[in-house]
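Novice: Protein chains in written order, with our numbering: chain B, 3 to 252; chain G, 222 to 544; chain U, 87 to 468.
For the record, the hints were derived by calculation from the structure and aren't laboratory data.
Some hints could be false.
To be verified - Cut-off 25 Å, straight-line C-alpha distance, at most; resulting in silico cross-link-like pairs (DSS-like, lysine-lysine):
| id | chain 1 | residue 1 | chain 2 | residue 2 |
| --- | --- | --- | --- | --- |
| 1 | U | 395 | G | 354 |
| 2 | G | 450 | G | 358 |
| 3 | G | 480 | G | 354 |
| 4 | U | 466 | B | 148 |
| 5 | U | 466 | G | 358 |
| 6 | B | 63 | B | 19 |
| 7 | U | 466 | G | 352 |
| 8 | G | 354 | U | 184 |
| 9 | B | 148 | U | 467 |
| 10 | G | 311 | G | 480 |
| 11 | B | 32 | B | 139 |
| 12 | U | 467 | G | 352 |
| 13 | B | 139 | U | 467 |
| 14 | G | 358 | U | 467 |
| 15 | U | 184 | G | 450 |
| 16 | G | 450 | G | 536 |
| 17 | U | 184 | B | 139 |
For clarity, every value in this text was computed on a predicted model and none was experimentally measured.
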Amino acid sequence: MTAHVRFENVTVTYGPKTALRGVSLAIPPKQIFAVIGPVNSGKTTLLRCINRTIDFVPTAKVAGRVLIEDEDVRHMRDVYQLRRRVGMVFPLPVGLPLSVYENVAYAPRRAGTRDRRQLDEIVERCLREAMLWDEVKDRLNLLGTKLSGGQQQRLTLARALSLRPEILCLDEFSIAIDPVTTMRIEDILRELKRQMTIVLVTNLVQQARRLADYTAFVSASQLIEVDETETIFTKPANRLTERYVNGEFG
Amino acid sequence: MKAASQTRPWRAAQRLARVASEIGTNLRRLVIGRTEWAIESVIRLCGWSAILFVFSIFGFILLIAANAFGTLDWREFFFSTEWQPDSVVKPHYGTLALLVGTLSVTGLAMALAAPLGLGAAVFISEFCHGKVKETLKVLVELSAAIPSVVWGFVGYMVVAPLVIRFTGAPVGVNLLNGGLILGLMSVPIIVSMSEDALRAVPDAYREAAVSLGASRWEIVYRVLFPAAKNGLLAAVLLGVGRAIGETMAVLMCTGHAVKIPHSLLDPVRTLTATIASELGESPAGEMHYWVLFTIGLELFALTFAVNVVADLVVKGIRSARNY
Amino acid sequence: MHGIIDVCLDVEPVSQPAWSVFRPSVGRPWFIGHVKVNSECRRATVPTVPQSTIAASETPERHDLPATTAAGGLGEVGLAGTRNPFAASPLERRKNAKEAIARVVLALFTFVLIAPVLAILVYLVVKAWPVLGLSFILENPANRMTAGGIWAPLVGTFFLVVISLAIAAPIGILGGVYLNEYAGNNWRTRVVALGVTNLAGVPSIVHGLFGVGAFVLFAGMGESVLAASCTLAVMSLPVIITSTREALNSVPMAFREACWNMGATRWQTIRTIVLPNSIGGILTGVIFEVTRAAGETAPILFTGAVFFKGGLKEHGLASFFPYSLNEGCMALSMHLYTLATQVVGVSEPIQYGTAVVLIGLTLAVNSVSIGLRGYLRSRKKW
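Bound conformation, chain B alone (with noise of 0.2 Å):
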């Protein structure tokens, strides 16, 4: 299997609580990788080590690599750069003190692009993308913040995606939405699919199920197991898993 992200032996330390232990795994590209597992197993630490956001946190402390297309992260020369290339999607809806439009080509704008005609385009394909062109074409003026909460959700998907990432990282992000703007989510991850590899952490077990190829199972910072999303949810190798996806615990 060829490997689009690869994680290397990678434990992750916040002062004396260990976040992630000794985690080795491999994203295909182009498929849905989903990670299961309880609260507090560290799920959110995996992602953070993707795009390097983990920085940001003062006492954490990575050892072990994380490779995309075999380039360890850490000895990327621009960081900005490697955050371009993965788009984030958190828990909470944030939109930003800007229009909506502004929003959108915020990402575009401060990588260097100036031609009005180029940021139209990309905001009405991002917004289109997250299906929210509809809702908001006739006010892009708006301020991004003043939208409902799913629709700041698909706002925030649709930054994501303005800079083009060969990467998506969703962290949980049906949390504050309601069902209905999830599910035209996973539509619309079911179809971005084919441009980029999506890496979806989620504590909806059936999500997972509906929309991965791969699950990986995490647990008190160790992965557990990592396979086929069918072999997963029917023939786990792991009794732990095998509970927590019949929902026996979690």
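Model the placement of chains G and U on the given structure of chain B, informed by the hints.
Specialist: Same frame as chain B, now just chains G and U:
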């Protein structure tokens, strides 16, 4: 006929334009990278110089005051009431009377300002609503902005005659006058700080109390006071800090007698007023001058300590309580 | 009727989780105590079917119950036929009386605090009325300061404030940005922040001493406009830094993280999101500092303010620049001090007029700051 966009010179021009724009983009990236770096350096520089400036205050005063340390009789400095810096025979530098002056004026001011300030804060924050509340808050804030020299002027010109008329004191500028003015001055800061403290108490507390049938006064007395006590204490402490350090008002209102006051109508002299009135007359590079800086150091330590304690009192509850 | 009694007696006694909210905040377990009393009250009042018993059960202890524990209301329920059920029980009446007293006393406190300030303001204006006018502002002090106006001190104050803020505002704001956005969150930063915050409370006369030591003597500026401005600037720095940090802190962390996740650099994030949304708060702090710098006397007493400066240009453009940077200047606050305590034979209106102009200036600038803050609050973006 070919379309204009297909002709060779057109295509060449296009390619040229593309190359140019690429160069432009790269240049811009380079420039952006550089400006980024430059701006960050400027910010860092400013950050450090601000910190340096702020902390050099202590350093400079210490540096000058240190000249006096060798010859200064510390016992006399702290425990003697004899302040005779100009004496030709043997100058005395006892600051006890000055310290007592400062503390007595501050104490009187606080005895006045603390209850008034807390009461007013409670009234504004819990009993007033809407326009009235906003107006009162703005009034308090504006009265905090009145310069201290104006307060001194008011004490000297307006309050002093009143003091003489109502108490029969021989001079109008005395402990009472100074305490009164200083109290009025420190009230606004106490009000706005305690108002902040009261506002920091979560509304859920008030709602729960209301649902149990507490009246508004009971909420204040039984719920808000205990919940916000650290914040209120800090507010009073900040008022104390400000009162200790106040210069112009006490310079103009307290009279200038270096002695330990025995009644409210005795004139007193404070640490700050001593510096303000004598620094101009003492030549640089002499003992008197250095001792004044030593007093400055004492003041610095006093107010800084009060402020830090107030700060820690507030921060202490914030971290200890988990709301 | 039974039903009602049951409902009001079914209040859970002691140690129900909902009450525990109060534990950390309330020193004495006051509410718990009352609920306890209520449960005792069940024993006392349950067998009270005959109405007379209920009426009689208004024992003195029960008056101590707050009305809404409903025990106080029991009597009314019992006498529903004969009495208005909404009438206040004795306990309620007592509570209301206490409340009213508290309200009046507190209102009185507030009045005692605000009235003198307003009275003083009015008194000052009335006393100053004879001289107030354009000529008072535009003329220089004359005749050993016993006549004329306050133009020279006014310009001096203007110079001091402008120069000091031109120094302090950029350094202070950028310093605040540094402390809040760049400096790591470690113990060193916390100590620095604690120090900076608390230096805002150091007495102004101590700042004056610092100015004498650092600028007048060490830097060799002498007693000059520049030295006084620098002293005021250093005095303003901690306040500006603190208010800047407060304004920056009001921008939620989530916005910054969202930007960083899209590959924006620190500065890009600050420039595009953090500063635009906090600049109002920062400006409010700076404007507030203008009034403080304008009103302070102690720091400039020995660093550059002079009692009197003669031979100043009166007319034309030159009257706007009467001082050069390396000489002392007059200042409004200093002038007021001088007029009140150092000069004999100054007519009262001139003294009061100076005070009024000084107050007017500070209050006007402060109102601008308050207005700006209100405006910004009204159009908050999230």
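Novice: Can you give the numbers of the hints that this structure goes against, from lowest to highest?
Specialist: As far as the earlier hints go, 1, 3, 11 and 17 are violated by this structure, in ascending order.
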